[in-house]
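**Q** Sequence:
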Amino acid sequence: ETMTGQNIGAQRFDRAERANYVAALGMFLAMTLLGVAIFFLSPFIVSIFTNNEQVISVGAEFLKYISLTFGFVGSARVFSGGFRGAGKTMVAAGIAVLILGVIRYPSALFLSGRLGRTGIWWAFVISNVAALFIAYSWFKQGTWKRKIIKEEAEKGEVAEELSTIEETITE
Numbered sequence: 001e002t003m004t005g006q007n008i009g010a011q012r013f014d015r016a017e018r019a020n021y022v023a024a025l026g027m028f029l030a031m032t033l034l035g036v037a038i039f040f041l042s043p044f045i046v047s048i049f050t051n052n053e054q055v056i057s058v059g060a061e062f063l064k065y066i067s068l069t070f071g072f073v074g075s076a077r078v079f080s081g082g083f084r085g086a087g088k089t090m091v092a093a094g095i096a097v098l099i100l101g102v103i104r105y106p107s108a109l110f111l112s113g114r115l116g117r118t119g120i121w122w123a124f125v126i127s128n129v130a131a132l133f134i135a136y137s138w139f140k141q142g143t144w145k146r147k148i149i150k151e152e153a154e155k156g157e158v159a160e161e162l163s164t165i166e167e168t169i170t171e
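Residues in the sequence shown are numbered consecutively from 1, following my numbering.
Do not take every clue at face value.
As the list claims (entries may be wrong) - Ranges between beta-carbon positions, derived for each pair:
1. Gly9 with Ser57: 21 to 31 Å
2. Asn51 with Ala96: 32 to 42 Å
3. Leu33 with Val55: 24 to 34 Å
For the record, the hints were derived by calculation from the structure and aren't laboratory data. All C-beta atoms, glycine included, are put in the ideal place defined by N, C-alpha and C.
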């Protein structure tokens, strides 16, 4: 977010874009490595919170499904952060609603009726992977580079605030 906002402020959209891609790749690699570790340690991790063997079994099963998608989630969050840093908070919110409301919840409802709880785990996998592809595709369009201040907003307090900021910067 910060790198995007700072580079947009400096009119360096190329650096803002590159910062997001580098961060997304780094996050994908780091979170995938963490996910692999969690995959193998899942029973131990769940046992930290309970002694109930059935809960440990179900919790470990869930972690094994979702842990290998952590890289997708992390990278999607980077791109959503890029939108927020560019002032496009509604895009980031819209992606979250799309992933959860349109993909995860309906998938969980549908798949759980056919596969039981495993269907719910698959809904997480599907939505986590989809999150990266949706966020990346939206980011790649470059709409985040457009100004968010509309002409009519510039006539009011926003314009005064902007001119004060500009004066401070040029001094």
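**Q** Honestly, do Leu33 and Val55 meet the 24 to 34 Å range at C-beta?
**A** 27 Å, holds
**Q** Asn51 and Ala96, beta-carbon distance inside 32 to 42 Å?
**A** At roughly 35 Å between Cβ atoms, Ala96 and Asn51 fall inside 32 to 42 Å, so the hint holds.
**Q** Is 21 to 31 Å respected by the C-beta to C-beta distance linking Gly9 and Ser57?
**A** 51 Å, violated
Violation of the numbered hints given earlier is confined to hint 1; every other hint is satisfied by the structure.
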